[in-house]
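Visitor: Quick note, the sequences are listed as chains A and B, same order.
The opening position of the first sequence corresponds to residue 158 in our numbering, with each subsequent residue numbered one higher.
The opening position of the second sequence corresponds to residue 110 in our numbering, with each subsequent residue numbered one higher.
Quick caveat, the hints were computed from the structure, so don't treat them as lab data.
Yeah, the Cβ is synthetic: ideal placement off N, Cα and C, and Gly gets one too.
Certain hints may be false.
Residues of chain A clear of chain B, computed beta-carbon distances all greater than 12 Å [claimed, not checked]: (1) Leu253; (2) Val329; (3) Trp348; (4) Leu387.
Covered by chain A, according to a simulated footprint, are these stretches of chain B (three or more residues, beta-carbon under 8 Å) [stated by the list, open to error]: (5) 155 to 168; (6) 220 to 231; (7) 289 to 302; (8) 309 to 321; (9) 335 to 342.
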Amino acid sequence: MMREVSTSALGRARATAGGGGKGRTLWTQLSNSTVLLKLAGGLFILTLWELIVRAAAPAYVAKPSGILRVLPKTILSKAIIDGAGTTLWAVTQGLLIALVLGTVVGLAMGHLKVVERLLRIYVSGLNAMPMIALLPLLTIWFGYTPAARLATIVFAAFFPVAMNVTDGAHSVPSDYLDVARSYRARRRHIWFGVTLPSSLPYLLAGIRIAIGRALIGAVVAEFFISIDGLGFYILFQSRTFHHNEAFVGVLMLAGFAIANDVLINWLTRRFMPWYRAGESGK
Amino acid sequence: MVSSEARWVRWGTVALSVAAGAALWELGARRASPAVISPLSATVIRLVEMIRTGELSSGLLGSLALFFTGFGLAVATALPLGLLLARVRVIRIALSDYIMIANATPLVALIPFILSIAGLDFAAKVLVVYLFSFFTILFNTVEGARSIKPELIEVARSYRSGEWAIWRDIMVPGTLPYAMTGVRQAIGRGLVGMVAAEFFLSASGIGQLIMTSARNFDTAALFGTVLIISLLGTALTGLGRLLENRFSPWRAVGR
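Modelling step: build the complete structure from the supplied sequences, incorporating the hints.
Guide: This is the structure:
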């Protein structure tokens, strides 16, 4: 019978055919209420997780009941707040650097054919490589210090920004540029006054990818060079068999990543309603 | 079609770009200490040596085996599951938000857990690659499912199409382009998972080559392996793009 509930129209038709109120089964009510369905889905996942861990895993393995038990104490602990603060601050710094450099390089590649032809293979090649492979090299250059983490973040975030700004600059309607040129606008005015605002959706899409990669870069760098931060907190807690506490850290990290996605999607829809999100997302 | 002259110009500039990059690398590196950066010439010599000793090919083969096992399992499970979710609306609504969350979460953070629960062996590393690619494919497949117009299925039903015909003519062709976008994105993530697994679980493959050469300050080998891995990334991503365009020629992406 689940197979039948294929389309919204059919679902509605069956719900009314069931005779409003009394004849409606619990199933049709449930399948028409998305909130309840989502809650049921979440509950199902959590129950499954809890049962599997209880049945098959050692006691220290994280499970929903255990996480819930340690949540209030852990989330207010100094260790996790400091760790999250350090990591977020590093990500913010790295992101700003990558944003400025990436925008300038992207605009140059979008406007000047020579620059694009010279840089294209390097930018797309480095964008395609797993940036964590550079970590050992970065530790040689910067030592086992927070500077190596910052470099990882910049490196992870730079290429998506540059690639997307380039694509955005290509997408500017040539009429805009023609008008600007016929009024003898200066180059910097064309770049930052015409192209940049016009390709803002691309920039935002690039930033969304960049933040995701920057978070990954920060966590991996903290694993690798053992410096304080949210990633190291997770590593330390799980090494000392405090898996529940460690998972609170994972939840926090997931929270940052999801908040970033939601925020950028909202910004795009709120301020650039003409742009259909997902068209240039990579 | 591109005219032959335009193609000539394009390849000429690529060659020029490679030559300029190589010259910059060689000359720039000669000014610096070899413990910090290795010139192109030294890197190539070391790379040839690594190929001759078989170091590079065995490392590369180990990494590729890891990548394709994990990635293949992810494709083989995420595609059918995504299609199933495409058809069964109730489960899709119930689960799609959680799939989105899992896709957005930086799953590298789970590596310490995998390390202490699943251990260090090949299967644990496959699990890392699998997790990194699975949710991206699933997420995109479900997105594709959501894009299928219910009217299509209603029309098919009113013409008394069977379940099999609906799958063959509507569900699979409608979902596949999105699923292939997921496959392309998953290649990049799977590669990150591959290197992360080789760094943090037990050293093997290309990850081990990178780590040992860094520890020995053998920058020539380090630059060589990094170069190889970026070529590997470019090749695999190119393959993904090819797949994506093959299954959805009407929205060719990127270049």
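Visitor: Please go over all the hints and tell whether each is borne out by the structure.
Guide: Going down the list of hints, with the structure as the test:
Interface exclusion of Leu253 of chain A from chain B stands, the closest Cβ pair being 20 Å apart, more than 12 Å. Every CB of chain B lies more than 12 Å from the CB of Val329 of chain A, the least distance being 17 Å, so the non-interface label holds. Under the 12 Å C-beta cut-off, the non-interface status given to Trp348 of chain A relative to chain B holds; the minimum distance is some 22 Å. The Cβ of Leu387 of chain A does not lie farther than 12 Å from every Cβ of chain B; its closest approach is about 8 Å, which violates its non-interface assignment.
Remark: the region 155 to 168 of chain B is not confirmed as covered by chain A, as 0 of its residues place a Cβ nearer than 8 Å to a Cβ of that chain, below the required three. For the region 220 to 231 of chain B, the proposed coverage by chain A is satisfied: 6 residues have a C-beta within less than 8 Å of a C-beta in that chain, meeting the threshold of three. With 4 residues bearing a CB less than 8 Å from a CB of chain A, the region 289 to 302 of chain B meets the requirement of three and the coverage assertion stands. Closer than 8 Å: that is the beta-carbon criterion, and the region 309 to 321 of chain B has 5 residues meeting it against chain A, so the requirement of 3 holds.
For the region 335 to 342 of chain B, the proposed coverage by chain A is satisfied: 6 residues have a C-beta within less than 8 Å of a C-beta in that chain, meeting the threshold of three.
Checked against the numbered hints given earlier, the structure breaks hints 4 and 5 and satisfies all the rest.
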